[in-house]
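Engineer: Same order as they appear, the protein sequences are chains A and B.
When you read off a place in the first sequence, starting at 1, and then add 1, the result is the number in the working numbering.
When you read off a place in the second sequence, starting at 1, and then add 375, the result is the number in the working numbering.
It is worth saying that the hints were derived from the structure and are not from the lab.
Just so you know, these numbers come straight off a predicted model, no measurement behind them.
Glycine included, C-beta positions come from ideal geometry on N, C-alpha and C.
Be a bit skeptical, because a hint or two may be false.
[What the hints assert, rightly or not] Simulated crosslink set (SDA-like; lysine to any residue; CA at most 25 Å straight-line):
#1 B:LYS519 to A:ALA86
#2 B:LYS519 to A:ILE87
#3 B:LYS519 to B:GLU507
#4 B:LYS519 to B:GLU481
#5 B:LYS519 to A:ALA192
#6 B:LYS519 to B:GLY477
#7 B:LYS519 to B:ARG439
#8 B:LYS519 to A:VAL79
#9 B:LYS519 to B:ARG497
#10 B:LYS519 to A:GLN18
#11 B:LYS519 to B:LEU479
#12 B:LYS519 to A:PRO30
#13 B:LYS519 to B:GLY493
#14 B:LYS519 to A:SER196
#15 B:LYS519 to B:ARG468
#16 B:LYS519 to A:ALA183
#17 B:LYS519 to A:ASP198
#18 B:LYS519 to B:ARG465
#19 B:LYS519 to A:ASP7
#20 B:LYS519 to B:GLU492
#21 B:LYS519 to B:THR495
#22 B:LYS519 to A:ALA165
#23 B:LYS519 to A:ALA197
#24 B:LYS519 to B:GLU498
#25 B:LYS519 to A:ALA194
#26 B:LYS519 to B:ASP508
#27 B:LYS519 to A:GLU105
#28 B:LYS519 to A:GLN17
#29 B:LYS519 to A:ALA82
#30 B:LYS519 to B:GLN471
#31 B:LYS519 to B:ARG440
#32 B:LYS519 to A:GLY11
#33 B:LYS519 to B:ALA474
#34 B:LYS519 to A:GLU10
#35 B:LYS519 to B:HIS496
#36 B:LYS519 to A:ASP102
[As the list claims (entries may be wrong)] Sample of chain B residues facing chain A (criterion: CB under 8 Å; computed from the structure):
#37 ASN431
#38 ARG439
#39 ALA464
Each chain is listed here by its residues.
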Amino acid sequence: MSEQRDEWEGWRQDWQQGGGTPLDARQLPARMRRERRRMLLATATEAALALAACGGIAAALVHTPHGFDRWWGIGVVVMLAGSWAIATWQRRRVDSLSLADTTESFVGLSRRRCRRQLRAVRLAWLLAALELAFLVPWWIGGFRVHGLRPGSALTWFAWWIPAAAILGLFAGTLYVRRRVRAELAHLDRLAAAMSADRATQDGL
Amino acid sequence: MREHGPALARLAAAYAPERADRDDLSQEILLAIWRALPRFRGDSSERTFVFRVAHNVGITYRSRRRRHPPLPAADQVADAGPDPAALLARSRRHEQLVAAVGRLPEPQRLAVLLHLEGLTHREIAAVQGTTEDNVAVRLARARKALRLLLGEAEP
Numbered sequence: 002m003s004e005q006r007d008e009w010e011g012w013r014q015d016w017q018q019g020g021g022t023p024l025d026a027r028q029l030p031a032r033m034r035r036e037r038r039r040m041l042l043a044t045a046t047e048a049a050l051a052l053a054a055c056g057g058i059a060a061a062l063v064h065t066p067h068g069f070d071r072w073w074g075i076g077v078v079v080m081l082a083g084s085w086a087i088a089t090w091q092r093r094r095v096d097s098l099s100l101a102d103t104t105e106s107f108v109g110l111s112r113r114r115c116r117r118q119l120r121a122v123r124l125a126w127l128l129a130a131l132e133l134a135f136l137v138p139w140w141i142g143g144f145r146v147h148g149l150r151p152g153s154a155l156t157w158f159a160w161w162i163p164a165a166a167i168l169g170l171f172a173g174t175l176y177v178r179r180r181v182r183a184e185l186a187h188l189d190r191l192a193a194a195m196s197a198d199r200a201t202q203d204g205l
Numbered sequence: 376m377r378e379h380g381p382a383l384a385r386l387a388a389a390y391a392p393e394r395a396d397r398d399d400l401s402q403e404i405l406l407a408i409w410r411a412l413p414r415f416r417g418d419s420s421e422r423t424f425v426f427r428v429a430h431n432v433g434i435t436y437r438s439r440r441r442r443h444p445p446l447p448a449a450d451q452v453a454d455a456g457p458d459p460a461a462l463l464a465r466s467r468r469h470e471q472l473v474a475a476v477g478r479l480p481e482p483q484r485l486a487v488l489l490h491l492e493g494l495t496h497r498e499i500a501a502v503q504g505t506t507e508d509n510v511a512v513r514l515a516r517a518r519k520a521l522r523l524l525l526g527e528a529e530p
């Protein structure tokens, strides 16, 4: 027992020789400002994407004579706006995710957060498909009927901006999906290691 | 922060191998503690609370990194006195220990990092959310592994 204690004591002394970089709390306010700017930028980008997607449909709806198409478009706008609101609410919840929880509980919460993010990505793709299902026929028929020119205001609202928004959304969600899947894989391994550790201890 | 600063800096160094990342992680830990403080209800000790937050930030940091390079060699060694040989030996022992700790399975590594900072089994159990018995088992296994790893590292 005493040998174990001595061994740990020796390692503790060796360990504490490494001072690491001293923590400098004076940099904290600048860091907080940077974090706030990053959050604002992320919220603004999401809002711009959602507005562009909704705006594109709204611009096309004005010129859509068929009842079914109109209801389809309105449905997609409502879903887009709803999922944007849910995403914003979820981000607030993630921000308040308790970092002061125990490791086990925190890992569990983080895995749930990752799974929720992956579901959100799938929902975004579904919405993009629904939006495309509405816009593509309009792009084909609407341009012909209205004789739109590439630089006209309606073309910007009904074609360029929504197309860029959908492309941006696709690229962004692909990146997020890849990152979150890697994070989830690491957290799954950690959770499995912790539970295997407990299981073998119980079996001792 | 004066009390826990050096331990938190070592913890950041254990999670982030490169200097720039380490500084970034240190700031992230400070920010997380600052944000989590209003939720401190006193149901655990202040030290347990601070280490819980710091470890959880470290876990998030590691899980978001694509690759997990081996843990760093120390680039800052406390003053060991005027004897360069003693300084070198101490620095080398520290480097070997950091590398060995980095090779432990993650649950053991988390327990060892806390134990090396002087936390009791009870405090480590409170940080990890497990039992004291489990902590004792993790540390016993880690000790065996560390002996082997440090034995291999001996010249």
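Engineer: Confirm or reject each hint.
Structural biologist: Hints and how they fare:
{"no.": "1", "hint": "B:LYS519 to A:ALA86", "result": "violated, 52 Å"}
{"no.": "2", "hint": "B:LYS519 to A:ILE87", "result": "violated, 49 Å"}
{"no.": "3", "hint": "B:LYS519 to B:GLU507", "result": "holds, 18 Å"}
{"no.": "4", "hint": "B:LYS519 to B:GLU481", "result": "holds, 15 Å"}
{"no.": "5", "hint": "B:LYS519 to A:ALA192", "result": "holds, 23 Å"}
{"no.": "6", "hint": "B:LYS519 to B:GLY477", "result": "holds, 15 Å"}
{"no.": "7", "hint": "B:LYS519 to B:ARG439", "result": "violated, 30 Å"}
{"no.": "8", "hint": "B:LYS519 to A:VAL79", "result": "violated, 60 Å"}
{"no.": "9", "hint": "B:LYS519 to B:ARG497", "result": "holds, 21 Å"}
{"no.": "10", "hint": "B:LYS519 to A:GLN18", "result": "holds, 22 Å"}
{"no.": "11", "hint": "B:LYS519 to B:LEU479", "result": "holds, 11 Å"}
{"no.": "12", "hint": "B:LYS519 to A:PRO30", "result": "violated, 44 Å"}
{"no.": "13", "hint": "B:LYS519 to B:GLY493", "result": "holds, 19 Å"}
{"no.": "14", "hint": "B:LYS519 to A:SER196", "result": "holds, 20 Å"}
{"no.": "15", "hint": "B:LYS519 to B:ARG468", "result": "holds, 17 Å"}
{"no.": "16", "hint": "B:LYS519 to A:ALA183", "result": "violated, 31 Å"}
{"no.": "17", "hint": "B:LYS519 to A:ASP198", "result": "holds, 15 Å"}
{"no.": "18", "hint": "B:LYS519 to B:ARG465", "result": "holds, 22 Å"}
{"no.": "19", "hint": "B:LYS519 to A:ASP7", "result": "holds, 14 Å"}
{"no.": "20", "hint": "B:LYS519 to B:GLU492", "result": "holds, 19 Å"}
{"no.": "21", "hint": "B:LYS519 to B:THR495", "result": "holds, 19 Å"}
{"no.": "22", "hint": "B:LYS519 to A:ALA165", "result": "violated, 58 Å"}
{"no.": "23", "hint": "B:LYS519 to A:ALA197", "result": "holds, 18 Å"}
{"no.": "24", "hint": "B:LYS519 to B:GLU498", "result": "holds, 22 Å"}
{"no.": "25", "hint": "B:LYS519 to A:ALA194", "result": "holds, 18 Å"}
{"no.": "26", "hint": "B:LYS519 to B:ASP508", "result": "holds, 17 Å"}
{"no.": "27", "hint": "B:LYS519 to A:GLU105", "result": "holds, 24 Å"}
{"no.": "28", "hint": "B:LYS519 to A:GLN17", "result": "holds, 20 Å"}
{"no.": "29", "hint": "B:LYS519 to A:ALA82", "result": "violated, 57 Å"}
{"no.": "30", "hint": "B:LYS519 to B:GLN471", "result": "holds, 15 Å"}
{"no.": "31", "hint": "B:LYS519 to B:ARG440", "result": "violated, 29 Å"}
{"no.": "32", "hint": "B:LYS519 to A:GLY11", "result": "holds, 15 Å"}
{"no.": "33", "hint": "B:LYS519 to B:ALA474", "result": "holds, 15 Å"}
{"no.": "34", "hint": "B:LYS519 to A:GLU10", "result": "holds, 15 Å"}
{"no.": "35", "hint": "B:LYS519 to B:HIS496", "result": "holds, 17 Å"}
{"no.": "36", "hint": "B:LYS519 to A:ASP102", "result": "violated, 29 Å"}
{"no.": "37", "hint": "ASN431", "result": "holds, 4 Å"}
{"no.": "38", "hint": "ARG439", "result": "holds, 5 Å"}
{"no.": "39", "hint": "ALA464", "result": "violated, 10 Å"}
Consistency with the previously given hints fails for numbers 1, 2, 7, 8, 12, 16, 22, 29, 31, 36 and 39, ordered from lowest to highest.
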